[in-house]
Amino acid sequence: MAKIKALVVDDSKIMRSAVKRALNQLMIAEFEYVEAKDGEDALGKYNEEIQIMFVDWNMPNMTGVEFSQAVRAEGNESIPIIMVTAEKSMGKVDKALNEGGANEYITKPFTADKMHKAISDYFDDDGNIATEGEDEEEDKSFFQGILNS
Amino acid sequence: MSIKTIDRIENLDEIPVEIAEKVQESVINTFGSIIGEELSYIDEANGDGALNGIIGNVTVFNSEHTLSLMLAIPKETAVYFSEVFIGMPLPFESDDMGDLIGEISNILAGDVAANVEKVGFRGQSSLPTATRGSDLTLFMPNKPPTKKMKFASANSEFWLTMVLSESK
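Protein chains in written order, with the working numbering: chain A, 1 to 149; chain B, 150 to 317.
Rather than coming from a laboratory, the hints here were simulated on the basis of the structure. From the three backbone atoms N, C-alpha and C, an ideal C-beta is built for every residue, glycine too. Keep in mind that the hints are not guaranteed to be accurate.
Listed next, with one range per pair, are the computed distances between beta-carbon atoms [claimed, not checked]:
#1 K13(A) to I191(B): 26 to 34 Å
#2 N304(B) to E99(A): 39 to 47 Å
#3 G181(B) to N98(A): 27 to 35 Å
Sequences and hints are given; from them, build the entire structure.
What follows is the structure, encoded as structure tokens:
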């Protein structure tokens, strides 16, 4: 099983634990966690080794949307950002996905099953992060295989 | 009465019924999801006695009005919530318990904000706080419109006080 470095950003230690517990239950990868208590803290801990991020919205100092915008502004368009938040209105969902550059949106409270549905597309069968490029290559070889058969 | 028609909060005798119903619906849905038990609204059971437990505070607000939500959770129910939420009982006196009740209040406020928007109250939720203690009694200065509700499930009971006031 692949090792994945995940950044979990939430001002609640309990919620960071809940996110980690749900991810561990999925058994899709072996996660190593970096935790941050708000967006500002997360910016200080974010580096190129981080492969996926789980980000709360409503936090002191810097919100999850502001943090996500900062990450995207640095030019990192490929890292999956999963917004995990209590905000439920459609306007907020739209803002997180469009303005914040988040890839997925999970509302609290969540279950491991809900988490799985949101993130499974971002992992390949070996537990590695499936980037768009890799998907395209797989698609190409899949179709090439059909053409050759 | 719709919230859109409210000019001055002090002219109201009570919280508009549409808002009270949406908040009640949010409490039942949110806590039903968290604890996995059917939750009931207990009518006319306001529980005016002092609380030995923890209070979670959060608001849904806009530039004109603030809807304050205060969850009054007895000690036994708070410990039960920790068991179902994180899979083990937290010591009632721990910092983590305050964190948990703050987070539960935050989750409730998110649902309330989305729900009351349907009846015209568009607002955002504040960061939550939690207060632990014994012999706690809630008093509201200036007597703004207030509604206190009791909820119970097979293994829990708690109260929610909501207050509608002008944003300062």
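Here is how each hint holds up against the structure:
Between K13(A) and I191(B) the CB atoms are about 32 Å apart, so this pair conforms to the stated range of 26 to 34 Å. Hint check: N304(B) to E99(A), Cβ distance near 41 Å, so the stated range 39 to 47 Å holds. The hint said 27 to 35 Å for the Cβ distance between G181(B) and N98(A), and at roughly 31 Å that hint holds.
Violated hints: none; the structure is consistent with every hint.
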